[in-house]
Amino acid sequence: MHELGIAQAVIDLAQSQLNGRPPSALRAIGLRLGEVSGVEKDSLSFCFECLVKDTEIERVQLKIELCPLRYRCLDCGREIAGGEWQAKCPSCGATSLAGEGGDELELAYLELEAT
Amino acid sequence: MSGITTEPVGRKVLHENEKLAAGLRRQFAERGVLCLNLISAPGSGKTALLEKTLAALPAGSQVAVLTGDIQTDNDARRLARYGFPVRQITTAGTCHLDAAMVRRELDAFDAGSIDLLLIENVGNLVCPTSYDLGEAAKIVVLSVTEGDDKPLKYPGIFRKSELMILSKIDLLPYVPFDPAAAFANARRVNPQIEVLELSSLTGAGFNEWMRWLERRRSRQ
Chain A
1 MHELGIAQAV IDLAQSQLNG RPPSALRAIG LRLGEVSGVE KDSLSFCFEC
51 LVKDTEIERV QLKIELCPLR YRCLDCGREI AGGEWQAKCP SCGATSLAGE
101 GGDELELAYL ELEAT
Chain B
1 MSGITTEPVG RKVLHENEKL AAGLRRQFAE RGVLCLNLIS APGSGKTALL
51 EKTLAALPAG SQVAVLTGDI QTDNDARRLA RYGFPVRQIT TAGTCHLDAA
101 MVRRELDAFD AGSIDLLLIE NVGNLVCPTS YDLGEAAKIV VLSVTEGDDK
151 PLKYPGIFRK SELMILSKID LLPYVPFDPA AAFANARRVN PQIEVLELSS
201 LTGAGFNEWM RWLERRRSRQ
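If you read the sequences in order, they're chains A and B.
Just so you know, the working numbering puts 85 at position 85 of the first sequence, and the rest follows in order with no gaps.
Just so you know, the working numbering puts 201 at position 201 of the second sequence, and the rest follows in order with no gaps.
With the rest of the complex left out, here is chain A:
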């Protein structure tokens, strides 16, 4: 639902990292997106394309890496990845679980044309 604002924030952040290089040098923006970040991948891609259309970064690709939900049991140390959030550790049954990933919304890298 708020993907348009997020897409604009991605573009603004990417542009701010160019350090004087022309926007036309930008070829791709690499994004790490958590599966439980509340941001929907297809909707974000759609909004991104709408925003760059007819601009100087029209050809920039948005490359999204989806990051699964990851958490760790604070009692036995087991790491759990993927699937849905569980109330209890599948190994020891403890309820003290700490999230370690899955809510990422991070500009990971830029691909730039070398001059």
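For the record, the hints were derived by calculation from the structure and aren't laboratory data.
Keep in mind that a hint or two might mislead.
[Stated by the list, open to error] Quick list of the computed label-pair ranges, beta carbon to beta carbon: (1) K19/B / E79/A: 25 to 33 Å; (2) E214/B / D42/A: 43 to 51 Å; (3) R217/B / E100/A: 44 to 52 Å; (4) E7/B / E100/A: 48 to 56 Å.
[As the list claims (entries may be wrong)] Below, in silico cross-link-like pairs of lysine-lysine (DSBU-like), each with a Cα-Cα straight-line distance of 35 Å or less: (5) K63/A / K52/B; (6) K53/A / K52/B; (7) K41/A / K53/A.
[What the hints assert, rightly or not] So the derived list for chain A, only partly shown, Cβ under 8 Å to chain B, looks like this: (8) G5; (9) I6; (10) V10; (11) L13; (12) G38; (13) I64; (14) I80; (15) A87; (16) L105; (17) A108; (18) E111; (19) L112; (20) E113; (21) A114.
Computed from a predicted model, the values in this text were never measured in an experiment.
A virtual CB, placed ideally from N, CA and C, is assigned to each residue, including glycine.
Let chain A serve as the given structure and place chain B on it in line with the hints.
For chain B alone, kept in the frame of chain A given last:
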């Protein structure tokens, strides 16, 4: 020679918002202001809860309210009747409040004179979850006319909330809602979450809520 180079960045997309929120949090802490961010689906009773809360506070309490909506200042007008400073943020389409909006409005209050800031977010269980407002705690409100499996459907907000308030419990005789299941589902995604149930219409459960508020203020 030309080619493509990859340059690592490793920066949060909402970095700017988080920077602003961290500044707000620092400012609240320095001034001894407890800031609470109320989040729920549209129509869960956030405004009614705040009305009843403001009515129950002793006169002279140092409370201010920020209320967010996509359109209209109806909520601010409802809340202003209780004699405390209220500011409406109209987002004009945006589905959440962000730290910059809170920052802008804060200057309108005499921030030195308040010790409790209640923020009513835009009715939405998804987007406000991503935007830190510098609050000390998020409170998620779930009404009994919604599904008791909502914590499982929208785990993000239940995971990030310190307290879940079950609202409209006066309607329980008329709706197939299982409070125990709702609380169990909330604890499934967040074992630490505290829970309260109340009705803003009848006042049932309000003493517990006012006590929670008092406890949370003294912890600040």
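Comparing the hints with the structure gives:
{"no.": "1", "hint": "K19/B / E79/A: 25 to 33 Å", "in the structure": "holds (30 Å)"}
{"no.": "2", "hint": "E214/B / D42/A: 43 to 51 Å", "in the structure": "holds (46 Å)"}
{"no.": "3", "hint": "R217/B / E100/A: 44 to 52 Å", "in the structure": "violated (32 Å)"}
{"no.": "4", "hint": "E7/B / E100/A: 48 to 56 Å", "in the structure": "violated (26 Å)"}
{"no.": "5", "hint": "K63/A / K52/B", "in the structure": "violated (48 Å)"}
{"no.": "6", "hint": "K53/A / K52/B", "in the structure": "violated (49 Å)"}
{"no.": "7", "hint": "K41/A / K53/A", "in the structure": "holds (18 Å)"}
{"no.": "8", "hint": "G5", "in the structure": "holds (7 Å)"}
{"no.": "9", "hint": "I6", "in the structure": "holds (6 Å)"}
{"no.": "10", "hint": "V10", "in the structure": "holds (5 Å)"}
{"no.": "11", "hint": "L13", "in the structure": "holds (6 Å)"}
{"no.": "12", "hint": "G38", "in the structure": "holds (5 Å)"}
{"no.": "13", "hint": "I64", "in the structure": "violated (12 Å)"}
{"no.": "14", "hint": "I80", "in the structure": "violated (14 Å)"}
{"no.": "15", "hint": "A87", "in the structure": "holds (4 Å)"}
{"no.": "16", "hint": "L105", "in the structure": "holds (5 Å)"}
{"no.": "17", "hint": "A108", "in the structure": "holds (6 Å)"}
{"no.": "18", "hint": "E111", "in the structure": "holds (5 Å)"}
{"no.": "19", "hint": "L112", "in the structure": "holds (5 Å)"}
{"no.": "20", "hint": "E113", "in the structure": "holds (6 Å)"}
{"no.": "21", "hint": "A114", "in the structure": "holds (5 Å)"}
Figure legend: structure checked against the earlier numbered hints; hints not met, in rising order: 3, 4, 5, 6, 13, 14.
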